[in-house]
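Participant: So you can see what is in the structure, the chains are spelled out below.
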Amino acid sequence: MLKDAFLGCLIMVLAITFMIYLIFWSRKTIELIHKKKLKSAREIMKNMNEKK
Amino acid sequence: MKKNNSSISSELSRELSLFHITMMGLGMMIGAGVFLGIGNSIYIAGPGGVLLTFTLNGIIALFTALSYAELSSAIPKAGGAYNFARLAFGRGTSFTAGWMEWFASSVAGSLYAVTFAIYTVRYFEVLKLLNWVPFSTYTCEKIVSLLIAVFFLYINYRGASETGKVGAFFTLGQTIFLIFIGLVGLFVAIKDPSRLQNFNPYLPYGWTKLLITMGFTYVAFEGYEVIAQAGDEAIEPKRNLPKAMIYSVSIATFTYIAVAFAAVVAAKAGSPGITGQPWEWIGQFKERGFGEAISRLMPFGNFLLTLAVIFASLSALNATIYSATRVSYALGRDRMLPKFLSNISRKHKTPWVALMFSGIIVVSVAVLLPTMDVASSASIMFLFLFFLVNLSVIKIRLHMGDELNYGFIMPFFPWLPIIAIISQGIIAIWLVNMSWIAWIAAPIWIISGILIYHLYSKSHAISAEGEIKIIEEEKVPESDQYRILVAVANPNNALQIIKTTYLISEAKNARVDLLHMVPVPEQVPLSDASKFMMEGKEGIIEAMLYLVLKFPVNTTIRYCRNIARGILSAVKEKKVDMLIMGWHGQTRSYGFRLGSTVDAIIEQSPCNVIILKDCGNRKFKNILVPLGGGPNAFLALEVATIIAKKDNSEITAFIVNDHRKKINLVPSFKANINHKNINYDRIKTKRVEAYNTVNSILDEAKKYDLVVLGTTQDPLIYQVTREPISHAVAQRCTKPMIIVKASGGISSWIKRWL
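Protein chains in written order, with the numbering used here: chain R, 4 to 55; chain S, 5 to 758.
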């Protein structure tokens with residue numbers, strides 16, 4: 004039972020952390036596309052890869 | 005959209021901000037799943053299971069929301085999944101998506117009607133108000149759900165619906181209330197850590213039960229479809245639609261986790277009335293479990309929760325009914341289903357046949373099926389629909405990624421949609437353990453849809469040419485020229501308004517835009533509004549013919565949901581300096597002073613506003629301008645001077661020195677240089693001492709041909725307790741009148757609110 008609780012809490016923490024990461028990543032991407040007036044998916048991906 | 009059509013263009017009013025569309029999505033989500041789902045999830049999966057149910061559903065929903073966000077940013081058009089499937093897989097799959105969406109939205113409506121009924125009946129039972137009723141609780145719930153569904157079908161038939169802003173604030177209120185419950189739960193757990201023992205055992209029946217609870221609560225995460233439907237109406241859709249989808253799913257997930265935690269720790273082991281472990285006690289009430297738990301958590305918990313459920317389920321019920329109506333209307337319009345489904349009521353302008361068929365589904369499912377079968381049926385259909393959208397996002401990015409203009413692309417492509425497809429598939433299959441009825445109803449509906457497509461739709465559907473037309477936002481070029489927007493509402497008085505506009509535009513060397521707002525009921529997609537095109541066109545043509553010889557004039561027919569919001573959004577988009585509109589002189593709307601449109605325009609318009617009453621083909625020999633010393637006085641004097649020039653009229657500046665303050669206009673006159681058209685030589689001043697300013701102005705007005713009145717700019721808190729002088733005069737004055745409000749800028753706005 005303790006193992007279930009530990010695993011359950013771990014899954015929750017990981018899921019919530021990943022959600023928060025996706026929210027911030029998405030927000031940043033939307034603003035980047037808007038700011039640089041990017042259009043096609045290829046153009047956006049290229050720009051993001053260059054940034055990395 | 006700009007359509008050049010014999011020099012009159014038409015456009016859609018983009019009125020919904022990021023806040024509004026986020027709240028629309030949230031309003032659809034926080035409707036029933038959480039209220040019915042928590043008790044049942046605790047019963048089936050245990051106290052830890054309920055937390056994991058909402059967390060895992062939240063992450064899967066977020067993956068699907070990212071797919072919706074990417075597609076909506078590239079195809080920001082009303083239609084949602086129906087459009088995405090058409091672009092990705094063609095007409096057959098698109099029909100299936102629309103067909104599934106119709107059923108899913110209708111059944112979700114049934115679920116919200118049932119939720120309303122369950123919590124209302126429960127509260128009446130707590131108050132012992134149902135002791136005299138000869139029916140069982142279950143029968144009472146079914147009767148109430150039938151009545152509320154029929155009531156909302158009637159409201160939708162009449163074309164009335166909650167306004168976007170009011171609805172958004174209701175949703176915000178519900179969400180804050182639920183977050184508050186979560187915080188109370190956290191506070192209680194910190195104060196009394198022994199309550200955390202309620203989570204022991206964490207998953208009493210094992211991990212596989214999670215798949216069942218995730219299945220029937222998935223309906224609580226279906227708000228992004230309604231956001232996608234708002235593609236034609238959202239401001240900056242490429243930027244705001246994806247943000248709204250991601251924010252709404254995230255807020256809903258965190259809220260659900262918080263309230264689920266609060267529900268588990270709400271009951272204390274060993275307290276009166278609680279037998280066995282607290283989670284078992286909550287679980288035994290099943291769909292009513294959440295209510296029972298919250299009634300133990302805080303004072304007035306029952307009452308507050310019932311209120312929240314009533315508001316949440318009713319706004320979601322309304323939204324799902326018009327969502328179901330829209331999609332069935334669209335299927336009829338595209339001849340995928342018989343044409344009569346797109347018939348529009350002449351009187352109320354609503355698609356009544358589509359509404360009637362959607363209503364039959366809503367009512368039958370709500371009355372005939374048990375609650376959990378209703379929830380499972382809605383969930384399973386949404387799962388299939390989202391399955392299709394996740395497939396569409398992959399196909400569209402791979403095949404059309406270079407052609408479309410994206411506002412957002414998801415990370416980890418294509419892994420997130422693939423994970424979502426697999427998870428949703430597993431959850432949908434596992435739902436058979438919860439409701440075999442759902443697993444019979446859903447495939448029957450889909451198979452019948454496929455048969456209808458092959459036997460009917462394939463041969464009847466209209467041409468695919470131009471089916472996916474994206475409506476881009478119009479950007480107004482920067483210009484130094486003064487811009488006047490004339491909102492022409494009534495063809496009968498259009499010419500009167502235009503004649504006054506002619507004088508003002510000549511004096512100010514202004515460019516004139518004519519605007520006619522055509523309200524379109526929420527049940528009809530705004531992009532189909534051309535059916536209402538002829539309304540008011542006569543008036544705008546008449547007005548245009550008068551002005552076109554004298555000025556460069558733009559004429560626009562703008563389709564909107566709400567006239568005031570539509571005009572305000574046009575003022576902001578077109579960067580207008582002055583708005584001119586007519587007023588019939590009375591209000592039929594309860595709670596408004598000059599009318600629901602004029603009140604909103606005066607309060608919220610960021611530019612100068614001029615409102616005309618009975619100023620048609622008349623000569624004004626003498627004009628009265630009551631002055632109170634505010635910023636609107638100078639605009640009133642300027643307008644009066646412009647009109648006086650035509651008939652060589654006299655202007656009287658009328659100052660009532662009431663008992664509160666003495667008005668001295670001389671320093672203001674000297675300081676004011678902005679209103680160059682004021683001719684002070686033409687103005688004579690008259691001062692009176694009076695206790696009642698309104699009566700004094702009304703008595704004086706009897707001697708004049710025209711009254712030009714600046715609106716009173718009292719702080720808002722004062723306006724709640726007393727009527728502004730300008731509004732009181734406007735309501736009671738029988739003379740032709742012009743009401744003006746000067747643009748006060750941000751400092752004026754802050755001053756009024758403070």
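Treat the hints with care, as some may be off.
Unchecked claim - Simulated pairs of lysine to aspartate or glutamate, DMTMM-like, Cα-Cα distance not exceeding 20 Å:
#1 S/K81 <-> S/D196
#2 R/K42 <-> S/D406
#3 R/K38 <-> S/E240
#4 R/K42 <-> S/E240
#5 R/K49 <-> S/D618
#6 R/K40 <-> S/D709
#7 R/K39 <-> S/E240
#8 R/K39 <-> S/D709
#9 S/K399 <-> R/E46
#10 R/K49 <-> S/E407
#11 R/K39 <-> S/E407
#12 S/K649 <-> S/E693
#13 S/K690 <-> S/D709
#14 S/K706 <-> S/E693
#15 R/K40 <-> S/D618
#16 R/K42 <-> S/D709
#17 S/K739 <-> S/D618
#18 R/K40 <-> S/D703
#19 R/K31 <-> S/E240
What the hints contain is simulated information worked out from the structure, not anything from laboratory work.
Participant: Does each hint hold? Answer for all of them.
Facilitator: For each hint, the structure was consulted:
no.: 1; hint: S/K81 <-> S/D196; verdict: violated (51 Å)
no.: 2; hint: R/K42 <-> S/D406; verdict: holds (8 Å)
no.: 3; hint: R/K38 <-> S/E240; verdict: holds (13 Å)
no.: 4; hint: R/K42 <-> S/E240; verdict: holds (15 Å)
no.: 5; hint: R/K49 <-> S/D618; verdict: violated (62 Å)
no.: 6; hint: R/K40 <-> S/D709; verdict: violated (56 Å)
no.: 7; hint: R/K39 <-> S/E240; verdict: holds (15 Å)
no.: 8; hint: R/K39 <-> S/D709; verdict: violated (58 Å)
no.: 9; hint: S/K399 <-> R/E46; verdict: holds (18 Å)
no.: 10; hint: R/K49 <-> S/E407; verdict: holds (15 Å)
no.: 11; hint: R/K39 <-> S/E407; verdict: holds (18 Å)
no.: 12; hint: S/K649 <-> S/E693; verdict: violated (30 Å)
no.: 13; hint: S/K690 <-> S/D709; verdict: holds (16 Å)
no.: 14; hint: S/K706 <-> S/E693; verdict: holds (18 Å)
no.: 15; hint: R/K40 <-> S/D618; verdict: violated (49 Å)
no.: 16; hint: R/K42 <-> S/D709; verdict: violated (59 Å)
no.: 17; hint: S/K739 <-> S/D618; verdict: holds (8 Å)
no.: 18; hint: R/K40 <-> S/D703; verdict: violated (61 Å)
no.: 19; hint: R/K31 <-> S/E240; verdict: holds (16 Å)
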